[in-house]
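2 protein chains.
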Amino acid sequence: MKDVIGGVCAPKGFKAWGLHCGIKADSEKKDLALIFSEKICNAAGMFTTNRMKGASVLVSQESLADGKLHAIIANSGNANACTGQAGLDAARGMAELAARETGVNPADVAVASTGPIGVPLPMEPIQNFVKPLAENLIAGKEGHDAALEAIMTSDGRAKEVSVEIEIDGKPVRIGGMVKGGKMLHPNMATLLCFLTTDAKISPQALERCLRPAVQNSFNRLTVDGDTSPNDTVIIMANGEAGNSAITAFSDEIEVFSKALEAVCILLAKAAARDGDGATKLISVTVAGAPNDDIAANFARTVAASNLVKSAFFSAGASWARALCAAGYAGDFEAEKTSLRFQSRAGSIEPFKNGSPAAFCEKEAKEIFLEEEVEIIIDLGGGFGKATAWGCNLTLDYISMNGAPPGYSGSR
Amino acid sequence: MKDVIGGVCAPKGFKAWGLHCGIKADSEKKDLALIFSEKICNAAGMFTTNRMKGASVLVSQESLADGKLHAIIANSGNANACTGQAGLDAARGMAELAARETGVNPADVAVASTGPIGVPLPMEPIQNFVKPLAENLIAGKEGHDAALEAIMTSDGRAKEVSVEIEIDGKPVRIGGMVKGGKMLHPNMATLLCFLTTDAKISPQALERCLRPAVQNSFNRLTVDGDTSPNDTVIIMANGEAGNSAITAFSDEIEVFSKALEAVCILLAKAAARDGDGATKLISVTVAGAPNDDIAANFARTVAASNLVKSAFFSAGASWARALCAAGYAGDFEAEKTSLRFQSRAGSIEPFKNGSPAAFCEKEAKEIFLEEEVEIIIDLGGGFGKATAWGCNLTLDYISMNGAPPGYSGSR
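Here the protein sequences come in this chain order: A and B. All letters in the first sequence, in the order written, are residues 0 to 410 by numbering that gives the first Met the number 0. All letters in the second sequence, in the order written, are residues 0 to 410 by numbering that gives the first Met the number 0.
Check before you lean on any hint, since a few could be wrong.
When chains are identical, the list treats them as one kind, so a pair holds in a single copy or across two.
Pairs of lysine-lysine residues, derived as BS3-like cross-links and limited to a Cα-Cα distance of at most 27 Å, are as follows [what the hints assert, rightly or not]:
{"id": "1", "residue 1": "67", "residue 2": "257"}
{"id": "2", "residue 1": "169", "residue 2": "67"}
{"id": "3", "residue 1": "257", "residue 2": "169"}
{"id": "4", "residue 1": "351", "residue 2": "384"}
{"id": "5", "residue 1": "23", "residue 2": "364"}
{"id": "6", "residue 1": "361", "residue 2": "23"}
No lab work stands behind these hints: they were computed from the structure.
Construct the entire structure; sequences and hints are all you get.
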């Protein structure tokens, strides 16, 4: 597997574009994106488990029911969630506009929205700008950067990945972009993730690859414990790579599945590192659990602990807080448990087989100063192992998410 | 039920004292407390569900096994948690010292510790000061204030309650104190709560009253989603009120049970309001759920949402964030759901039967400016109802819990 450039436009036959239509007040900020394949794609999606589903989620679920997709239209600046029937009409309207301007069937267009929740989505800016959006895209500009910019909200960095693998002797590419920020918590911690591939792959095989990839990436990511109503992961496969079709039973599914999972993990880690106000990526690995699922639950709980996250606000950290968080995640024997901190600067083990162990304060400080710190907990009770990704909790999280004085509306 | 003064010393026959022994560096801050009844008490306790139990919890569970207690010795400044065998020896040592100086059996002494976790508990200050602590207490000083001060850590206010009820024509009193701050989350959100009563009541009846009281108070409280390893609620009943004994089957158990629950709810609300950095008490009531337990789970989830809590950082609030948090708490029909905000300043209903509804911004602002704000969600799906208590998330939570620069040890 090698890195390539181009994000969602790296695979053959995909185009993307993004522009400012006016949902966001700041005219410097793009807020409308389109991702498109001339050739109809096999497609699969996974969506939020939140019962207050955003209107875009409901429409995308309808579009994906037949496993086919031509395009995704997405906006930022408004999540179109908790908006009732008017919101649902607006989401359907977005799909219809995109379909009309690209000459495809509205039922083959997925919709995604992100931004403040509980605010009616203004349709006029979208009505005015879908046409130039589609025109720019069709004119052949590979606007993955522009599209990515247009799905960002409180994201600090653009998060995209593209890789190439070989299947059948043919180069096959997978590209992806993700929008993060806040409301990131299993299941499913992503807000928005769009994946493209030129692999030829059956809808069943695509579905079979997407589930574990999401399970081992976005479902292992936590920023703030809130599950968004708009979480959406969609993958589109247009078959332009010319490989012989990957089916659920072909050998090549393993190769594709592994690459897709790697792409999703890279995007999930990028989202964790870029959580609202975050300055550190915190990886939590739990080993010695009865099985991998139980290990994943432990890892997620530790990564989600406000006290663990607060401890990493500065260069400090607390091994005991991490152990306490494990303590309310499930059953284990404290006497068999050990904990290590690790980063590029080194490794210390302040807790070993149930008792505190001496460590060098200076070394600890150097470890915690790194931008990426690992917490490794061994429960000594089995072969289950899993990693979860989170970030530190800083003053900026609250500044970014506290309503400004006097503000009483929705966010 | 009427309010009386005296906290844990309000019921007949209870004495308390607190002093600075030197666990805390600041000599102005008390850190060692003793609560004592000359007459042996029937007693019951509930403890953390965290698997990394503090040493004091293990020792108190042993002491309470026979339902009898003379005293509780408690320290702040060190939680004696994650401290291995040495910690367990220290906790047993505390019970023995208290027993020796008060002339009772060590098996009738409970122990509680609160403060930073993962730090060895220094025994010397305790060895030096249990004697003067017991002497002051026995000298007859009703030191409930001093004892309360000595269990506080990051608490902003002293939290105690005492009430009087009538049973059998006899005045019966219940007193309680609580230590809050951080690591407050069901089950069991309290850190430390000591309750005293002069009621004559069997150990079985006491147990039967304590469980629902805790269930409907401390288990409905959330400050930061972290469950402490040291959570402890202990009630001691010395029978000095002279009522005829309350048993699990007597009519009077209802009267006592209701009063105990009221005391626990007052203490739980006081702890929520005084969460680390908090400036507002947020009550979340969920109605229209299939049953009370499900309603309680919804209410706790909304009260625990970092985004809901952040929204109340300033005078603002977001109805949609509260709905979203409900959305990941369980099953319900969005179309039947309504949401109201309420405080002493008034009431607005920004979401009604699945759709946003207009409300007056000015009125909303006035409602949110109050120190106590209620969120009321009606799921329209049954008769289950419950309230949970939380607080807003402010910059101070992180300042208080972020390790200082360069600090790499435990907290």
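Going down the list of hints, with the structure as the test:
1. In this assembly of identical chains, the alpha carbons of residue 67 and residue 257 lie at most 27 Å apart only when taken from the same copy (23 Å versus 60 Å across copies).
2. Proximity of residue 169 to residue 67 under the C-alpha cut-off of 27 Å is restricted to the intra-copy arrangement: shortest distance 23 Å within a copy versus 77 Å between copies.
3. Taking identical chains as interchangeable, the C-alpha atoms of residue 257 and residue 169 lie at most 27 Å apart only when both belong to the same chain, with a minimum of 17 Å there against 74 Å between chains.
4. In the homo-oligomer, the alpha carbons of residue 351 and residue 384 lie at most 27 Å apart inside one protomer (18 Å), although the nearest pairing across protomers, at 45 Å, exceeds that limit.
5. In this assembly of identical chains, residue 23 and residue 364 lie within 27 Å of each other by CA distance solely across copies; the values are 24 Å between and 42 Å within a copy.
6. Within a single copy, residue 361 and residue 23 get their C-alpha atoms only as close as 47 Å, which misses the 27 Å cut-off; across copies the closest is 24 Å, which meets it.
When each numbered hint is compared with the structure, no violation occurs for any of them.
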